[in-house]
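There are 2 protein chains.
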Amino acid sequence: MPPFLSGRFWRAVFTRTRGERLWAGHRRTSGGPGCRWDALAGADVLRAEPDRFGGISVPLERFRALDRLDAASFQKVLQGAVFDENTRKILVVQDRNKLKNMWKFPGGLSEPGEDIGDTAVREVFEETGIKSEFRSLLSIRQQHTNPGAFGKSDMYIICRLKPYSFTINFCQRECLRCEWMDLHDLVKTENTTPITSRVARLLLYGYREGFDKIDFTVEELPAVYTGLFYKLYHKELPENYRTMIGMD
Amino acid sequence: MPPFLSGRFWRAVFTRTRGERLWAGHRRTSGGPGCRWDALAGADVLRAEPDRFGGISVPLERFRALDRLDAASFQKVLQGAVFDENTRKILVVQDRNKLKNMWKFPGGLSEPGEDIGDTAVREVFEETGIKSEFRSLLSIRQQHTNPGAFGKSDMYIICRLKPYSFTINFCQRECLRCEWMDLHDLVKTENTTPITSRVARLLLYGYREGFDKIDFTVEELPAVYTGLFYKLYHKELPENYRTMIGMD
Numbered sequence: 015m016p017p018f019l020s021g022r023f024w025r026a027v028f029t030r031t032r033g034e035r036l037w038a039g040h041r042r043t044s045g046g047p048g049c050r051w052d053a054l055a056g057a058d059v060l061r062a063e064p065d066r067f068g069g070i071s072v073p074l075e076r077f078r079a080l081d082r083l084d085a086a087s088f089q090k091v092l093q094g095a096v097f098d099e100n101t102r103k104i105l106v107v108q109d110r111n112k113l114k115n116m117w118k119f120p121g122g123l124s125e126p127g128e129d130i131g132d133t134a135v136r137e138v139f140e141e142t143g144i145k146s147e148f149r150s151l152l153s154i155r156q157q158h159t160n161p162g163a164f165g166k167s168d169m170y171i172i173c174r175l176k177p178y179s180f181t182i183n184f185c186q187r188e189c190l191r192c193e194w195m196d197l198h199d200l201v202k203t204e205n206t207t208p209i210t211s212r213v214a215r216l217l218l219y220g221y222r223e224g225f226d227k228i229d230f231t232v233e234e235l236p237a238v239y240t241g242l243f244y245k246l247y248h249k250e251l252p253e254n255y256r257t258m259i260g261m262d
Numbered sequence: 015m016p017p018f019l020s021g022r023f024w025r026a027v028f029t030r031t032r033g034e035r036l037w038a039g040h041r042r043t044s045g046g047p048g049c050r051w052d053a054l055a056g057a058d059v060l061r062a063e064p065d066r067f068g069g070i071s072v073p074l075e076r077f078r079a080l081d082r083l084d085a086a087s088f089q090k091v092l093q094g095a096v097f098d099e100n101t102r103k104i105l106v107v108q109d110r111n112k113l114k115n116m117w118k119f120p121g122g123l124s125e126p127g128e129d130i131g132d133t134a135v136r137e138v139f140e141e142t143g144i145k146s147e148f149r150s151l152l153s154i155r156q157q158h159t160n161p162g163a164f165g166k167s168d169m170y171i172i173c174r175l176k177p178y179s180f181t182i183n184f185c186q187r188e189c190l191r192c193e194w195m196d197l198h199d200l201v202k203t204e205n206t207t208p209i210t211s212r213v214a215r216l217l218l219y220g221y222r223e224g225f226d227k228i229d230f231t232v233e234e235l236p237a238v239y240t241g242l243f244y245k246l247y248h249k250e251l252p253e254n255y256r257t258m259i260g261m262d
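Sequence order for the protein chains is R and P. Per this note's numbering, residue 15 is the first one in the first sequence, and the count goes up by one each step. Per this note's numbering, residue 15 is the first one in the second sequence, and the count goes up by one each step.
Hint data in this document are derived by calculation from the structure and do not stem from the laboratory. It cannot be assumed that every hint is accurate.
All copies of an identical chain are treated as equivalent in the list; a pair is satisfied when it fits inside any one copy or across any two copies.
Here are the simulated lysine-lysine pairs, DSS-like style, with alpha carbons at most 30 Å apart [said to hold, decoys possible]:
#1 202 <-> 112
#2 114 <-> 245
#3 145 <-> 202
#4 202 <-> 227
#5 202 <-> 114
#6 245 <-> 176
#7 112 <-> 245
#8 202 <-> 245
#9 103 <-> 202
#10 227 <-> 176
#11 227 <-> 103
#12 114 <-> 227
#13 245 <-> 103
#14 114 <-> 145
#15 176 <-> 145
My request is simple: use the sequences and hints to build the entire structure.
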């Protein structure tokens, strides 16, 4: 008999409960000084409550929201291109587990509700021990059917960060190597991914001819009605275009 | 007794089945020539099967994947700024249901596995009847706790599109009005959202001083190992920086 369901709740009686959890949803967060593994809060149990039929009901609101979300969602990976203009050095890592010997920028998955720049800064710190601040958004990659993206499209965002600490203390579990490399060497090396190489060239272009040539900078703007604010990223707009004074 | 669960399956016996569905997860897709309402495939029933205890089991694999996805996901909304360089006109709509009298760019939710530019082109066509092609990525908005984003952060991406049809046939259910507006008028109007106004100014800047000043253009690059390709968006890189020939 197909179990078609009705009502606001999915009504189910659990015939066996073993007192152990179904699964402990551990999600990898990158390491560094903290180098931690977090349990995903709230993901390891399903909320249930006694119902008026003497059974147990599990509210499906959350699944419903996830189903709707499912169709339009994707995961977001941030990478931080930490570039020191004073020394022309860029922070790069080699993965321990994959892409061995390939230099790339440190980074990792965004937390829920986390700003783009905040993710990049946090992941860089956790993975390498380097403190930095957000400068701009440099590049976006969209890839479908990525094996690591839970069957979703992924969004890979590369930010330009400015370092304000310089002593590397990288996560040994995650990285094989981590170093400050001359930007020109990164542009020339073959031991890197196509995207890293491309962004290295982009950074060199910005370094030589002005970062305004490559940056999407950020600004906070008010949302209509809701009273909320959002972050808007685009090419820097000259002041006269912002105000439109004398520009008829 | 708290209903902790065990094993690969969430084992549940349904004490009542009414033969009706729990919910029909209709998701709004924008209209236009098609102007359709789609049921979200597979979202309206939960798959279940008889288990060896004489009850019904519901595989939780999918929920597990969604839980993992949950932490890193967000929804993606695309808007298309369809600008006709020959006439300096931009395609704008007014929502029927919200933001009344506020001019904005047409757009909507991305489908799973859909490219950024493809979503913008599709949504513009469905909402307004205008055919266009992708030119560039202009701006990205990140907003948290948006009421329409199922409790997730949302990612709002605005693309520059070039029209190749010009006769408006807009979705009456979705839009109150739709027209080709002089870009300068959109810059000046107060009946618009802050983000639309900002992007209108950005477009005016690009129109007057070159779209290379504002565009993130796209290129397809090969992924390492997987044999897949991905789309990479960033400021156009001059040819000498791509090849690095004679640039030591």
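Comparing the hints with the structure gives:
1. 202 <-> 112: within (22 Å within a copy, 52 Å between copies)
2. 114 <-> 245: Only across copies: residue 114 and residue 245 sit 23 Å apart there, 35 Å inside one copy, limit 30 Å.
3. 145 <-> 202: within (26 Å within a copy, 42 Å between copies)
4. 202 <-> 227: Classified as both: same-chain Cα gap 21 Å, cross-chain 27 Å, threshold 30 Å.
5. 202 <-> 114: So residue 202 and residue 114 pass the 30 Å test inside one copy only (18 Å; across, 54 Å).
6. 245 <-> 176: both (19 Å within a copy, 26 Å between copies)
7. 112 <-> 245: Classified as between: cross-chain Cα gap 21 Å, same-chain 33 Å, threshold 30 Å.
8. 202 <-> 245: Classified as between: cross-chain Cα gap 22 Å, same-chain 35 Å, threshold 30 Å.
9. 103 <-> 202: For residue 103 and residue 202, the Cα distance is within 30 Å only inside one copy (14 Å; across copies 44 Å).
10. 227 <-> 176: Classified as both: same-chain Cα gap 17 Å, cross-chain 23 Å, threshold 30 Å.
11. 227 <-> 103: Cα proximity of residue 227 and residue 103: in one copy and across copies (19 Å, 27 Å).
12. 114 <-> 227: neither (32 Å within a copy, 37 Å between copies)
13. 245 <-> 103: both (29 Å within a copy, 27 Å between copies)
14. 114 <-> 145: Classified as within; 25 Å inside a copy, 45 Å across copies.
15. 176 <-> 145: within (9 Å within a copy, 42 Å between copies)
Consistency with the previously given hints fails for number 12 only.
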